[in-house]
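Here is what each chain is made of, one letter per residue.
There are 2 protein chains.
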Amino acid sequence: MRKVFIAILAGLFIFTTSAQDVYKIQRNSWLEKAEKAKPVLFESVCSPICVVKSVSDSNAFQGWKMQRSADMDSLYNVSLKLRKQIIADFGRHLTGYFSFKLNPISSTPDAPVRLKFTFAEVPAELNTPFDPYPGVLSRAWLQDEIVTISEFDREITIPRRFAFRYVKVELLGSSPYFDFTISEMKCIASTSAGSVTEKLAEMTLPIIKEINRVSLETLKECMQTVYEDGPKRDRRLWIGDFYLESLANTYSYKNDSLTKRCLYLLAGLAAEDGRLHADVFETPKPHPQLGVHCLDYSLLFNSTLLEYFKATNDKETALDLWPVVQNQIKYALKYFDKKSIFNPAEKESPWLFFDWNDKLDKTVAMQGLMIFSLNNSCELARMLNKDQEVNEWATVSQRMAKAARNEMYVPSRGVFLSGTEHQLSYMSQVWMILSGVTSPNEGQKALKIVLQTPDAIYPGAPYAYHYLIEAMIKCNMNVEAKQLLIDYWGGMVNKGADTFWEVYDPKNDYLTPYKFFPANSYCHAWSCTPVYFIQKYPGIFQR
Amino acid sequence: MRKVFIAILAGLFIFTTSAQDVYKIQRNSWLEKAEKAKPVLFESVCSPICVVKSVSDSNAFQGWKMQRSADMDSLYNVSLKLRKQIIADFGRHLTGYFSFKLNPISSTPDAPVRLKFTFAEVPAELNTPFDPYPGVLSRAWLQDEIVTISEFDREITIPRRFAFRYVKVELLGSSPYFDFTISEMKCIASTSAGSVTEKLAEMTLPIIKEINRVSLETLKECMQTVYEDGPKRDRRLWIGDFYLESLANTYSYKNDSLTKRCLYLLAGLAAEDGRLHADVFETPKPHPQLGVHCLDYSLLFNSTLLEYFKATNDKETALDLWPVVQNQIKYALKYFDKKSIFNPAEKESPWLFFDWNDKLDKTVAMQGLMIFSLNNSCELARMLNKDQEVNEWATVSQRMAKAARNEMYVPSRGVFLSGTEHQLSYMSQVWMILSGVTSPNEGQKALKIVLQTPDAIYPGAPYAYHYLIEAMIKCNMNVEAKQLLIDYWGGMVNKGADTFWEVYDPKNDYLTPYKFFPANSYCHAWSCTPVYFIQKYPGIFQR
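These protein sequences, in sequence, are chains A and B. Going by my numbering, the first residue of the first sequence is number 766, and it counts up by one from there. Going by my numbering, the first residue of the second sequence is number 766, and it counts up by one from there.
Rather than coming from a laboratory, the hints here were simulated on the basis of the structure. Do not rely on the hints blindly, as some may be mistaken.
[What the hints assert, rightly or not] The list that follows gives simulated cross-link-like pairs (lysine-lysine, DSSO-like), each with its CA atoms no further than 27 Å apart: (1) A:Lys866 <-> B:Lys881; (2) B:Lys881 <-> A:Lys846; (3) B:Lys1280 <-> A:Lys881; (4) B:Lys1301 <-> A:Lys881; (5) A:Lys1272 <-> A:Lys974; (6) B:Lys846 <-> A:Lys1050; (7) A:Lys1050 <-> B:Lys866; (8) A:Lys849 <-> B:Lys1280; (9) B:Lys1050 <-> A:Lys951; (10) B:Lys866 <-> A:Lys881; (11) A:Lys1280 <-> B:Lys849; (12) B:Lys881 <-> A:Lys849; (13) A:Lys881 <-> B:Lys881.
None of the values given here were measured: they were computed from a predicted structure.
Chain A on its own, in the form it takes in the complex (with noise of 0.2 Å):
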């Protein structure tokens, strides 16, 4: 009978050191680590700055603008039930809850209120009806709100986050026995970016600092208890848009723990295989979009930890995240052949990303950015003296690198053609350039001809605009990356954005990928980084 039990015991103990549960214990320890460098959110109090009206105007950014019509007090202490409707102007972007009163002016308050309450990034979000709502996310994201008010004299918050600069206030319906006027709106706006000293140098250009600042407004915006991808919108970490937010925060506020946190949180809830899921979500508790895996975010993650770690000097985080790089390059090389070209078979085909564009063939950029997460991988194997585990790395890199310039390289024309269709895009340029492939002067030539051809595939979104300006200067397109950041982020700044938008065409401001252009996020973290080529490179973009 005992021995039987000690069997029993011998058997668990056999099972709950199995690996499996020790990889287990270790997410579970990095969640802990996750919540300890949780920052604490900066709260201040906004108050709108005036009364505005929308005006149409075909030359202003999707058609509509907003005019100056009165000061907040002309609005406060006139009767609501006057007005109808009307827009209050916070004068930058703001993320946090909204508050206001109804105050009564003649005789006692009957009945319940009904106000709707519409919060917009840009002004044609208050002038597109949403309904029948032609889009393809949840309805839920437009950010209109109708609230029964039946208690006055008191501070109603709505008890929902919103992104905005605009709200539009509409009443649904009062007592014909009383009157009432609104006061006291306002914004309890959040953030976890803290304070930053901006380094411009004085002769850097008007729409640089304004590029620069606006860069900051909309990275301050996404930096809450993670670093989100859209305040608005869709609220959470995801691991492209986080690589780029730490590049910027690194050259902007500084927060390295919120950094810290979300590396943690992503390894925390990895899959039991190791693999990262593309984005994670923290309430009610952090947890993943389960089943969503993205190769190209998920390489991301090593480059991420490596600047983190150059950033900071924090080897204890690093080391402790190091299993998690291993993991992501082991599940990656699966899916290159034996040519050490990227090549899945049809049905395992792994999501990519890279930008919002369904016509780019993605098979040059994958292998490229196997390249570029396998060369800063060994860079980060070597800072943590774990290059004698992973000694293969190197050789698999330069194996891939050589197959590529073999099988998808044309040098007769000097471009890099993807996919059966040999496409020729800029993306696949890119990343042959940011993976070192080319020499910086055949990426410069690369560069030079997809520039010079219409049909190329160009970037859809402002994340692929990143990726390429950083392949411009890493192939001494100085002028180039300058003049190009000018001119598309620059043309969100003239087109009056606060905060650099989600998806960017300088061509179609109705461009979205969601069929419905307010479903758009206005304030997005993969639009934030000019601040990073800013002040990483003041010699190109201050001068």
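Could you slot chain B onto chain A? The hints should help.
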């Protein structure tokens, strides 16, 4: 110097003890007593009994009936996205807070969900578009709320109290990337009514039993921390409704503390000149509907206090509130001329209610109600040994009764006619009977005449029907009283009423004083009195 100081002190003392201030102190002490008498709410967790569908039926009340379509499990276990819209039936009228849960059933929720909830007391409320809203009362009374849900697997409570039996749930927005069910719909229902031991004779007609039951439900739902006029609308204490509710309470739940609270609340919130306000609110702190006085309601306070004293023997409260009784009489007498006839100067004409019927001339009714209130107040004075203080009231009452007979009665026709148009109405006869101006025989004759006169102004709402039945009983029309109860309240029961309605015209389901019948309250205090009649007069109603 010292003398000046003493003089100032003396002045202050005189100032602080003015009659006005004494009265203010008194009102505050009444409000404190109201607060102390505030009942605890009994809460119960109620779940819906089934899913129903709306069926158009010209024979059904307001053209719609509900038909059971499925059990709750079949809703809870199936994607809400497949249903788009459902109606849950709680099986009976409830007053309280509604909760539910959303449960992901495939993939991770990646976006908020937008749901619209519409709460209904009667089926047609769910089948009549609310917008564009044609009603005169606040649109915000209608019980539809749009809710954005960002978190799942947790109970969500809509922060507004509803009065309903049915709830319609419409899916307005969700993500294509995950699926979910709704579950655990429930209502934390509240009432201060407590329990009641029904006493009904065995021979009581089934329809009377049903009327008694629905009457108890109606009263129970209106009994919260005050006697509300309606838990859906207007959710406050009106004197007229209070009088009838307190009568019904005496013959059912016997929550005398609630009656006491309401007496003190009204007294404590009276105007500086002593006049009661017609209605008062409890939150954020007790306050009256300023400037709104209703002469017939004010005088019914006296009758309410008398009935409360008779039911409870609480002499302390009756004595404490005696000055309020005196004040109501004092102010009402101003509107009577030298001939003891109700005859206010046009500009000073007080608001009179009596019934929802714009055509009703209220002169005779007011003459009667004044005498009725004087008689009740005299009775109270005698019980409190205060008759010496008001020994002129009996004389005034007799003079008014005589004047009524002289000026308003037409002996040749056997009826009282009201106003310059000599209007024949039920209410004129009713109040002449209740005041004792007529003998029972005269009253019976008068009532029989109006009952046989098709163009006599007939009662417009249950409030007036209450007084009609009371008058019938007072002049020995027991058979008619019982038949009217069966016809009128039984008519509502036969049309499916779970609780009795604010407005009911057997000939017109859509009657509304608000230009939109769904704004009517379908659980209304002033309709709750059948239990009072059935229990007080078992010899009439329980045989």
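Evaluated hints:
no., hint, in the structure
1, A:Lys866 <-> B:Lys881, "25 Å, holds"
2, B:Lys881 <-> A:Lys846, "25 Å, holds"
3, B:Lys1280 <-> A:Lys881, "23 Å, holds"
4, B:Lys1301 <-> A:Lys881, "50 Å, violated"
5, A:Lys1272 <-> A:Lys974, "24 Å, holds"
6, B:Lys846 <-> A:Lys1050, "25 Å, holds"
7, A:Lys1050 <-> B:Lys866, "17 Å, holds"
8, A:Lys849 <-> B:Lys1280, "21 Å, holds"
9, B:Lys1050 <-> A:Lys951, "25 Å, holds"
10, B:Lys866 <-> A:Lys881, "25 Å, holds"
11, A:Lys1280 <-> B:Lys849, "21 Å, holds"
12, B:Lys881 <-> A:Lys849, "23 Å, holds"
13, A:Lys881 <-> B:Lys881, "14 Å, holds"
Checked against the numbered hints given earlier, this structure breaks only hint 4.
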